[in-house]
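Input sequences plus hints: build the corresponding full structure.
Protein sequences appear in the order of chains A and C.
Numbered continuously in the working numbering, the first sequence closes out at residue 476.
Numbered continuously in the working numbering, the second sequence closes out at residue 814.
Since the hints were made in silico from the structure, they are not lab data.
Just to be clear, a hint being listed does not mean it is correct.
If you want a taste of the chain C side facing chain A, the calculated C-beta under 8 Å gives, among others [as the list claims (entries may be wrong)]: (1) Arg-508; (2) Asn-511; (3) Ser-536; (4) Leu-538; (5) Asn-543; (6) Arg-688; (7) Ser-703; (8) Gly-800.
Heads up, incomplete: computed chain A residues facing chain C, CB under 8 Å, no partners named [unchecked claim]: (9) Ala-54; (10) Lys-238; (11) Pro-244; (12) Glu-293; (13) Ala-356.
A virtual CB, placed ideally from N, CA and C, is assigned to each residue, including glycine.
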Amino acid sequence: MEKLMTVLESQGVFGLFNPAAWTAGGHIGAASVWLCLPFAGLLLCIAVLPLVKAEWWEAHQPHAVVFWSLLFLFPFAALKGVGTAAETVLECIVNDYLTFIVLLFGLFCVSGNITMSGDLAGSPRINVGLLALGTLLSSLIGTTGASMLMIRPIIKMNSWRHKKRHIIVFFIFMVSNMGGCLTPIGDPPLLMGFMRGVPFLWSLHLLPLLIFNLIVLLFVFYWIDMRAYRTDIARGLKPDIKKPGTEIEIRGSHNLIYIAMIVAAVILSGALPGLSAFQNEEGGLRGIRIFGEVVLSFSSLIEIGIILLAAWLSFRTTDGAIRRENHFTWSAIKEVAVLFVGIFITMQPALMLLKANGASLGLTEPYQLFWVTGMLSSFLDNTPTYLVFLTTAGALGFTEGMVTALGVVPVKLLTAISAGAVFMGANTYIGNAPNFMVKSIADENGIRMPSFFGYLVWSFGILVPVFLLDTLVFFL
Amino acid sequence: MANNKEEIKELAEHIYDLDAEVYCHLGSSLGRVFNRDRERCVGELTDLLMTRPQGHIVRSELALIANMARTIEDREERRLCMAEYNRILNEVMSLPTSFASGDVIDPHLAKLNSFNLQNRFAGGEHLIICISWTYGSGGIDVGFKLADKLKINYYDAEIFDAVLKRLDAEKDSLRDCAGYTHVKKELNQNLSSMLLPAKRLTFKEKMREFSRYHGLSKRDAVFFNQSDLLCEMAQKEDFIIMGRCGDAIMTNNGIPHISIYITAPIEQRIHRAMEVNEGLDSKRAARLLKRLDREHSHYYRFYTSRSWGHANNYDLCINSASYGIDGTVDFILRMIGK
Numbered sequence: 001m002e003k004l005m006t007v008l009e010s011q012g013v014f015g016l017f018n019p020a021a022w023t024a025g026g027h028i029g030a031a032s033v034w035l036c037l038p039f040a041g042l043l044l045c046i047a048v049l050p051l052v053k054a055e056w057w058e059a060h061q062p063h064a065v066v067f068w069s070l071l072f073l074f075p076f077a078a079l080k081g082v083g084t085a086a087e088t089v090l091e092c093i094v095n096d097y098l099t100f101i102v103l104l105f106g107l108f109c110v111s112g113n114i115t116m117s118g119d120l121a122g123s124p125r126i127n128v129g130l131l132a133l134g135t136l137l138s139s140l141i142g143t144t145g146a147s148m149l150m151i152r153p154i155i156k157m158n159s160w161r162h163k164k165r166h167i168i169v170f171f172i173f174m175v176s177n178m179g180g181c182l183t184p185i186g187d188p189p190l191l192m193g194f195m196r197g198v199p200f201l202w203s204l205h206l207l208p209l210l211i212f213n214l215i216v217l218l219f220v221f222y223w224i225d226m227r228a229y230r231t232d233i234a235r236g237l238k239p240d241i242k243k244p245g246t247e248i249e250i251r252g253s254h255n256l257i258y259i260a261m262i263v264a265a266v267i268l269s270g271a272l273p274g275l276s277a278f279q280n281e282e283g284g285l286r287g288i289r290i291f292g293e294v295v296l297s298f299s300s301l302i303e304i305g306i307i308l309l310a311a312w313l314s315f316r317t318t319d320g321a322i323r324r325e326n327h328f329t330w331s332a333i334k335e336v337a338v339l340f341v342g343i344f345i346t347m348q349p350a351l352m353l354l355k356a357n358g359a360s361l362g363l364t365e366p367y368q369l370f371w372v373t374g375m376l377s378s379f380l381d382n383t384p385t386y387l388v389f390l391t392t393a394g395a396l397g398f399t400e401g402m403v404t405a406l407g408v409v410p411v412k413l414l415t416a417i418s419a420g421a422v423f424m425g426a427n428t429y430i431g432n433a434p435n436f437m438v439k440s441i442a443d444e445n446g447i448r449m450p451s452f453f454g455y456l457v458w459s460f461g462i463l464v465p466v467f468l469l470d471t472l473v474f475f476l
Numbered sequence: 477m478a479n480n481k482e483e484i485k486e487l488a489e490h491i492y493d494l495d496a497e498v499y500c501h502l503g504s505s506l507g508r509v510f511n512r513d514r515e516r517c518v519g520e521l522t523d524l525l526m527t528r529p530q531g532h533i534v535r536s537e538l539a540l541i542a543n544m545a546r547t548i549e550d551r552e553e554r555r556l557c558m559a560e561y562n563r564i565l566n567e568v569m570s571l572p573t574s575f576a577s578g579d580v581i582d583p584h585l586a587k588l589n590s591f592n593l594q595n596r597f598a599g600g601e602h603l604i605i606c607i608s609w610t611y612g613s614g615g616i617d618v619g620f621k622l623a624d625k626l627k628i629n630y631y632d633a634e635i636f637d638a639v640l641k642r643l644d645a646e647k648d649s650l651r652d653c654a655g656y657t658h659v660k661k662e663l664n665q666n667l668s669s670m671l672l673p674a675k676r677l678t679f680k681e682k683m684r685e686f687s688r689y690h691g692l693s694k695r696d697a698v699f700f701n702q703s704d705l706l707c708e709m710a711q712k713e714d715f716i717i718m719g720r721c722g723d724a725i726m727t728n729n730g731i732p733h734i735s736i737y738i739t740a741p742i743e744q745r746i747h748r749a750m751e752v753n754e755g756l757d758s759k760r761a762a763r764l765l766k767r768l769d770r771e772h773s774h775y776y777r778f779y780t781s782r783s784w785g786h787a788n789n790y791d792l793c794i795n796s797a798s799y800g801i802d803g804t805v806d807f808i809l810r811m812i813g814k
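What follows is the structure in structure tokens.
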């Protein structure tokens, strides 16, 4: 333990959270550290207001988002000029937020048109099986796709139970985050790595890590779920299993084609920018110029087009009764869309600081990169965080390892950065796109989900010890 | 107090009805906040409101209903549901903090206890006696004779057979963990057959079992079906049920019953076990009793979260060695006034 603390206390891990470290070598200056306050303010609102003023918060979410966004924008514009401020905001909205929300929207629509009916009873062993299946599925259709596809059947099978919030929490841990580590389709950071020259199948290197985590987490989950299951039975709750034999019917299964379409769009968005047809003379991306240097690339446009087409076709070809049975409403996606536009805008100064100072943090060891990439990915967008540290690792001058467009990166460092970015998105509701979505859907369907801080208790109580084990076994 | 209770019960009914209405408007199949029958949910809500009306539990249950109500598409229906939600919330918030009196009586338990309420069976409820017993205490004979004297049905392994029929399962594939019917068979098995490896199922057979038991373990599927059957029977007839967590099932489902636990000192039990199982020596008998007690205790705790044989869980605990089988039957008959 002492050794571990010494390791964590080494300059790299804690230094990142010290404003002095930011400003010493940074290009943005001390004043910019305070520009991160609106981001902290917005997070605090998301964490606290649903607890203390739930109805007010529900009605005024957009106002809060506008308030905190302007609180960042005005000082930023005063500091850097209106043009730079506009460019920064448009850059993050056009190139980050737009593709993020369209992907989420597409998967939300299509998965809402698939329903599973049947009398399979939610029990610890069924839940373990579903979580394991969902985790593996995440690498095939992405964490968002797997989450949207699996969340409703899991809620439905466990509808007879009273104590079930832990099922959704572990679902977020495994299906919405960790499962995405095996392929670039799984999680956007890995797609970025693929675009920077990391081979498509390289992520399979993370398989031992995933299996280790899966075994530990499923073991813990089984224990917790069994206790909850027994409490439910002791209260007299029981599933409806009067009929002999299980009948499972999946309706709207043709929508799997549209999910495949969306997955293809995501892969294309990663592959197309590498083609010369999509690059201009300077090597930049071709596209529609929005403002200043902000360009909506053709590859993004194609991705957005395919996803929206899939969503539209899904609605056109699916009976509305299926959506009704799935309790399909727009509230969950609306909430995510509103809150995340604010999160994307207000987190810009934090990302700028990270880009400016990431390389000067002196992070050279796998455990350092695992924890720093991970902890930052818990609160910031994990894609830029991954890129910053991949660039940092590429610039360290190693001669052996994975050859990428950003330099040679030792396999252990790349593994640590990838695992940190993908796994630790599960630490908070805002760490990864599907987390909040899954929470919202569960909230809407009679499951009392933990608050923002309540979720932190779960993640710090369960995930952090698992990550410490990962560090000891894989990264030291 | 009585008026308060009536008012609170009415409030609980309104909460339950609001949940049902919201669920109906949504047409969702993903589950609702109160997913059990009306009577039980209303009962539980009433208890919650009686003891902790300002408590966070009722409020968060209400908040979950409101979450769902806000997603109703039809504006008018949504407005009506939200108006009802606001009315209920205000009523809940205006309740005094506690109505509890100083009596030690647990009204919920007392309601289910036929010893307590003379006119209990006057309301048309059936006489249900749940007997838990330790192997070798003569409980099975007590139950049988009691049923004979009361002229009511006696159920032990019959329940298990009915469950097998419901599950469309074969007897050999399932073990009756809730009773002692398997003991004789086990004792008659010779050593060589016990050492035979268990039959390995093919993938197809495994899938068939998975489907037959709805993905549950065999033991859980049997327990849930037993619970269903017992609740159904309780609506139709008087009976004595031997073991099978009958007392906990009745309590959980709000069904009035008498729960009795019969045991005897270990020496008497060993002696009786040797008498009823020819060829069983005292050493094996002691081992058998220890194992059976452990298995039953585990089974009972697993499904009820209570301790098997703990006096708190029963209306009456009897040492059958003090009265003998017939004496125990007479003792119980006198207690229930028959």
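Comparing the hints with the structure gives:
no. : hint    : in the structure
1   : Arg-508 : 5 Å, holds
2   : Asn-511 : 6 Å, holds
3   : Ser-536 : 6 Å, holds
4   : Leu-538 : 11 Å, violated
5   : Asn-543 : 6 Å, holds
6   : Arg-688 : 6 Å, holds
7   : Ser-703 : 6 Å, holds
8   : Gly-800 : 35 Å, violated
9   : Ala-54  : 7 Å, holds
10  : Lys-238 : 5 Å, holds
11  : Pro-244 : 4 Å, holds
12  : Glu-293 : 41 Å, violated
13  : Ala-356 : 42 Å, violated
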